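J.: Residues per chain, in single letters:
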Amino acid sequence: MATSKGRDKEHTKGHIAMKTPPIVSKEEWEAARQRLLVKEKALTRSRDALAAERRRMPWMALEKKYEFEGPKGKVSLLDLFEGCRQLIVYRAFFEPGVFGWPEHACRGCSLGADQVSHLAQLNARDTTLAAGGHRATEGKDGLGDALVHHHRQLRQGLRRR
Amino acid sequence: MPWYTITDSFDKDFGVDEWHGHNVFFRDGERVFRTYFINNRGDEAMGTTWSYLDITPLGRQENWEDSPEGYPQTPPYKWWNWHDNYDSEPTPHPKWVDIITDPAGAAIRRREEEAKAS
Chain S
1 MATSKGRDKE HTKGHIAMKT PPIVSKEEWE AARQRLLVKE KALTRSRDAL
51 AAERRRMPWM ALEKKYEFEG PKGKVSLLDL FEGCRQLIVY RAFFEPGVFG
101 WPEHACRGCS LGADQVSHLA QLNARDTTLA AGGHRATEGK DGLGDALVHH
151 HRQLRQGLRR R
Chain F
1001 MPWYTITDSF DKDFGVDEWH GHNVFFRDGE RVFRTYFINN RGDEAMGTTW
1051 SYLDITPLGR QENWEDSPEG YPQTPPYKWW NWHDNYDSEP TPHPKWVDII
1101 TDPAGAAIRR REEEAKAS
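Taken in order, these protein sequences are the chains called S and F. Quick note: the first sequence uses my numbering, first residue 1, plus one each step. Quick note: the second sequence uses my numbering, first residue 1001, plus one each step.
The following block holds chain S by itself, in its conformation from the complex:
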């Protein structure tokens, strides 16, 4: 973690180089906020319309029976739904060849795991979320432990809200 002295130094350094916007009155600031808000509202409506279009995307039937290994052994893709009608599968990287292996999952994937909301909220809308990745064992000692550690990391990521 950076020291406050270090941060101050960084801040001063940045302050000199930065070409910051004008300083204005309360009224001018509010007027600028209102001008931007028009565009922001347009974006919100546009995003809603895009989501509505997304809900009308055609569906593709799965022909293969996919199999995964979970904490309780072999499971099918159907099992990943945990009884819900909707499932989101995030492909995370935690395998040999990925930076941080075997102590950590990919930094980007771990950052993503840190920002995941509580699954009970998704479950309330008949939806669940799972992470999928590659076999972390492959007959090497200790890698099973690393996977367990990764499970913990994901769970901790969920708890830090």
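There could be a bad hint or two in this list.
[Unchecked claim] 30 angstroms max Cα-Cα, derived DSS-like pairs, lysine-lysine:
(1) S:LYS74 <-> F:LYS1012
(2) F:LYS1095 <-> F:LYS1116
(3) F:LYS1012 <-> S:LYS65
(4) S:LYS72 <-> F:LYS1012
(5) S:LYS41 <-> F:LYS1078
(6) S:LYS64 <-> F:LYS1012
[To be verified] One-sided and incomplete, this derived list gives chain F residues near chain S with beta-carbon spacing under 7 angstroms:
(7) ARG1027
(8) GLY1047
(9) GLN1073
It should be emphasised that the hints constitute simulated quantities derived from the structure, not laboratory data. Computed from a predicted model, the values in this text were never measured in an experiment. Note that the Cβ used here is the ideal one computed from N, Cα and C, for glycine as well.
Fit chain F to the known structure of chain S by using the hints.
T.: Structure of chain F alone, referenced to chain S:
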């Protein structure tokens, strides 16, 4: 978030063999459909309850949304609950619904109840 190890061509079949991504599936009994896929910069927006629901075929399932006919929808706010309270109280609490439906009326009723209790 539960972790599952891929054992077959799942990653190749759904475009995630070399890079991260979110695949969305819908289940009708035993039949499974792929309904959506997002990766690259699209992935970074994922994480909130709303960002996930917005990429699902049913959406947020709230009645303000433009969804195809017959899709499940309930009013916003009313189904919202504490994350550890859905099991013990699956239906919305009548007082919470009252506050959301008629905030001014609910405030009056609360004051009346408090006056009675004191």
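J.: For a quick check of understanding: which of the numbered hints are violated here, in increasing order?
T.: Number 9 - this is the single hint that the structure violates.
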